[in-house]
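Enquirer: Chain by chain, the residues:
Protein chains: 2
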Amino acid sequence: MAELRRDPVVGRWVIVNTDDSLHPPDFEKEEHVFRQADVCQFCYGRERHTPPEVDVIRPSNTPANTAGWSVRVIPNKFPALRIEGELNKRGLGIFDISNGVGAHEVVIETPEHFKKFADLSEAEMLNVIKKYQSRFISLSGDRRFKYIMIFKNYGESAGASMEHAHSQIIALPMVPKYVLEELEGAQQYFNFRGRCIFCDIIYQEYQDQDRIITENTDFIAFCPFVPRFPFECWILPRKHTSQFGSLNEEEQHHLANLLREVLSRIKISLSDPSYNFYIHLAPVNQGNPGSYHWHIEIVPNLTRVAGFEWGTGFYIVRTAPHVAAKYLREAKI
Amino acid sequence: MAELRRDPVVGRWVIVNTDDSLHPPDFEKEEHVFRQADVCQFCYGRERHTPPEVDVIRPSNTPANTAGWSVRVIPNKFPALRIEGELNKRGLGIFDISNGVGAHEVVIETPEHFKKFADLSEAEMLNVIKKYQSRFISLSGDRRFKYIMIFKNYGESAGASMEHAHSQIIALPMVPKYVLEELEGAQQYFNFRGRCIFCDIIYQEYQDQDRIITENTDFIAFCPFVPRFPFECWILPRKHTSQFGSLNEEEQHHLANLLREVLSRIKISLSDPSYNFYIHLAPVNQGNPGSYHWHIEIVPNLTRVAGFEWGTGFYIVRTAPHVAAKYLREAKI
Chain F
334 MAELRRDPVV GRWVIVNTDD SLHPPDFEKE EHVFRQADVC QFCYGRERHT
384 PPEVDVIRPS NTPANTAGWS VRVIPNKFPA LRIEGELNKR GLGIFDISNG
434 VGAHEVVIET PEHFKKFADL SEAEMLNVIK KYQSRFISLS GDRRFKYIMI
484 FKNYGESAGA SMEHAHSQII ALPMVPKYVL EELEGAQQYF NFRGRCIFCD
534 IIYQEYQDQD RIITENTDFI AFCPFVPRFP FECWILPRKH TSQFGSLNEE
584 EQHHLANLLR EVLSRIKISL SDPSYNFYIH LAPVNQGNPG SYHWHIEIVP
634 NLTRVAGFEW GTGFYIVRTA PHVAAKYLRE AKI
Chain Y
334 MAELRRDPVV GRWVIVNTDD SLHPPDFEKE EHVFRQADVC QFCYGRERHT
384 PPEVDVIRPS NTPANTAGWS VRVIPNKFPA LRIEGELNKR GLGIFDISNG
434 VGAHEVVIET PEHFKKFADL SEAEMLNVIK KYQSRFISLS GDRRFKYIMI
484 FKNYGESAGA SMEHAHSQII ALPMVPKYVL EELEGAQQYF NFRGRCIFCD
534 IIYQEYQDQD RIITENTDFI AFCPFVPRFP FECWILPRKH TSQFGSLNEE
584 EQHHLANLLR EVLSRIKISL SDPSYNFYIH LAPVNQGNPG SYHWHIEIVP
634 NLTRVAGFEW GTGFYIVRTA PHVAAKYLRE AKI
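In order, the protein sequence lines correspond to chains F and Y.
Note that my numbering has the first sequence beginning at 334, numbered continuously upward.
Note that my numbering has the second sequence beginning at 334, numbered continuously upward.
One or more hints might be untrue.
Pairs involving identical chains hold if they fit within one copy or between any two copies, as the list cannot separate such chains.
Claimed, not checked - List of simulated lysine-lysine pairs, DSS-like, C-alpha gap at most 27 Å:
1. Lys362 with Lys572
2. Lys362 with Lys410
3. Lys410 with Lys479
4. Lys463 with Lys572
5. Lys463 with Lys479
6. Lys600 with Lys362
7. Lys665 with Lys479
8. Lys410 with Lys665
9. Lys463 with Lys659
10. Lys600 with Lys463
11. Lys510 with Lys479
12. Lys449 with Lys479
13. Lys659 with Lys572
14. Lys410 with Lys463
15. Lys422 with Lys463
16. Lys449 with Lys600
These are computed hints drawn from the structure, not numbers from a lab.
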């Protein structure tokens, strides 16, 4: 039986299979083959083949752009947007255009070519989170940028073109549509109820219990009641905050641990599927939207998006989130 | 060089490569292998294995649910939504839910298992358009439904699970998000300017010329200035109308011809890619949104959608629409 569910933040309806869910063995498996090791520019010793690093964690006795680093951030060699120039917004007949100004960076998460992100150690994952934060703070300093999007594509079917573990950061000169919708939904709810909608969702998750995957002092992970994809997972700070830049050392630790744990649970439950994750943060350089609550959304790539979804924005989700959460909770990690 | 472009209807920004576009040979090719012919329930002689037909074009001397038909419409055996029951909208804590009431039908476009939709004859394509229209009218008669979505998935990577040529119709008890956004955008523009925004887009296309693919008396096809995907194509009625149900015989003809021509041009230019198309129609059973202008959007499946797109609603389009239109216009059909 299918149930129609409405996302309380953005108003999107989805169709969820509530009692004949697809289970992990029902999804096609994807093999992750390593083919690029011999020529990989993200490996030790090939640092000179990439643009010079803009941020890095490395021992102080190693020179920039040489081996020895643990996490390395470089500009993307084929950027979607260019760092130089002014925005120059203008009309063109009925249309609005602007120069493609922005930043596009790559976070190389480990020097080890064959190591998967979900298999990083606690210390390695912490380093990645630290670099997400330091790049966020640094890019926010450029007044041309209004939004910093941190995201990861793992696996070919999820859009990764390089197999060496990496994530990406794109700084945009405008707030993207989906984030704008969440901001507006959160603000409307706040105006109406005087509370954060994401805090209320967390409260509801604690009431219902069956969609929670795991938690620690600072963060909670659950399968949202209104997902777009089967086995979609969200990670939120348990206490209300719109600020990512001010995470302290302990919170960074807790975030790294929870992200690592959820990705391991996904890897084990679903036989190492391709996935995307992205961090929904508040915009930068245009005041603090205090009603927002930043979070991470993880979407395993298990099904194909087709005409119905592209045409409607409705999604057909064939695994109920409480079923997905049970698998993830019970995975032996 | 990349350019940021804003969709004038829904406000979505996209990043378009304007002078280093990807060309047809740059996209991965997909083979379409026929594997299901021996067991295909959409073929002649296997009519009894599908749910009974709800609409059909067949000679009057052939009994229902036997061979002899040219286009056949059946309920989907595995429907996303069920036809029985009432909507029963209700709250569940912070969430809104409703029963999964709707209709899900399959239009079998030809009895020939090995015939591709783009290769239908003019007469066959006309029959399909006629059935789209008659099902739209029939399903609109059910007051529980607010939206009728007609769409097609061609090819495995575009989500087709049956290889025999077919499209699908889903009747929904609420207007989907993307359509709502278009309706609101069109209404706001109408309030502001007293004109239809889609008519103004068509006017702009005639001014600019270089994104037009083809046209006839009643319809125009072009690659939109702000696409989500490379080689995205739109087909619109040239004269303003929000009404799909009232297409006359001549207009049906012209629509069938143009759809057939555009799909042939896509097939030839891009080596028969998988694609989706969907028809954006006005909602039903809730007044006539006169400011809307119905249309078809065709999206070839050439690239992978990844974390950036899922997280932002921004799209990175690596073929400029005027470049795509030139290939499509010049294809030898």
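Enquirer: Which hint numbers doesn't this structure obey?
Expert: Numbers 1, 7, 8, 9, 12, 15, in rising order.
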